[in-house]
Amino acid sequence: CRNGGATSGNGKYCHKGAVVLCQGQNAPSTTDPCSDHTFIDPSDSDCEITETRSCTGGFPDPYCQVTGSSRACTTTTTGSYYSPSPSYSPSPSYSSPSPSYSSYGR
1479 CRNGGATSGN GKYCHKGAVV LCQGQNAPST TDPCSDHTFI DPSDSDCEIT ETRSCTGGFP
1539 DPYCQVTGSS RACTTTTTGS YYSPSPSYSP SPSYSSPSPS YSSYGR
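Convert by adding 1478 to the 1-based position in the sequence shown; the result is the number in our numbering.
To be clear, the hints were calculated from the coordinates, so they are not data collected in a lab.
Glycine is no exception: its CB is placed at the ideal position from the N, C-alpha and C atoms.
Among the hints, erroneous ones may be present.
[Unchecked claim] Across the chosen pairs, the derived CB separations fall in these ranges:
#, residue 1, residue 2, range
1, Gly1502, Thr1534, 19 to 29 Å
2, Gln1503, Cys1551, 44 to 54 Å
3, Ser1486, Pro1520, 38 to 48 Å
4, Thr1528, Gln1503, 29 to 39 Å
5, Asn1488, Thr1552, 41 to 51 Å
6, Gly1487, Phe1517, 34 to 44 Å
7, Ile1518, Tyr1541, 22 to 32 Å
8, Ser1486, Cys1551, 38 to 48 Å
9, Cys1551, Ser1507, 14 to 24 Å
10, Phe1517, Thr1553, 17 to 27 Å
11, Gln1501, Ser1547, 31 to 41 Å
12, Thr1553, Gln1503, 49 to 59 Å
13, Gly1535, Asn1504, 16 to 26 Å
Work out the full structure: start from the sequences and follow the hints.
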């Protein structure tokens, strides 16, 4: 290949993190850029996982391999939390407070 990296002749190589094909004196052509891959987390649909990939291996069988990953989530959960009744005040003769529930969400 014209970049000088194809020392074993025509075929596939790793070049700048991608899988390239070298033929003769032509410039290398990218066959797989090994781009990042982003998908929804199967265990939590509010999260995305991004896998970073890079070319590994060498002539004649280089391939893209995951070299790292990150996870990003957006919180859209709703629920409730317990808040004692504002009128509750303990007294010597105990009576059960009336709980109140408030909803929250983002």
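For each hint, the structure was consulted:
Look at Gly1502 against Thr1534: about 25 Å separates their beta carbons, and that is inside 19 to 29 Å. Taken as a hint, the range 44 to 54 Å holds for the pair Gln1503 and Cys1551, whose Cβ atoms sit roughly 49 Å apart. Hint check: Ser1486 to Pro1520, Cβ distance near 40 Å, so the stated range 38 to 48 Å holds. Checked against the given bound of 29 to 39 Å, the beta carbons of Thr1528 and Gln1503, roughly 37 Å apart, stay inside it.
Checking the proposed 41 to 51 Å range against Asn1488 and Thr1552 shows it holds: the Cβ atoms sit about 47 Å from each other. At about 37 Å, the CB distance of Gly1487 to Phe1517 agrees with the hint of 34 to 44 Å. At about 25 Å, the CB distance of Ile1518 to Tyr1541 agrees with the hint of 22 to 32 Å. At about 45 Å, the CB distance of Ser1486 to Cys1551 agrees with the hint of 38 to 48 Å.
For Cys1551 and Ser1507, the hinted distance range of 14 to 24 Å is not satisfied, since their beta carbons lie about 38 Å from each other. Taking the beta carbon of each, Phe1517 and Thr1553 are about 19 Å apart, inside 17 to 27 Å as hinted. For Gln1501 paired with Ser1547, a C-beta distance near 34 Å keeps the hint of 31 to 41 Å intact. At roughly 55 Å, the beta-carbon separation of Thr1553 and Gln1503 lies within the given 49 to 59 Å, and the hint holds.
A hinted range of 16 to 26 Å for the beta carbons of Gly1535 and Asn1504 is consistent with their spacing of about 22 Å.
Hint check: a violation occurs at hint 9 only; the rest are consistent with the structure.
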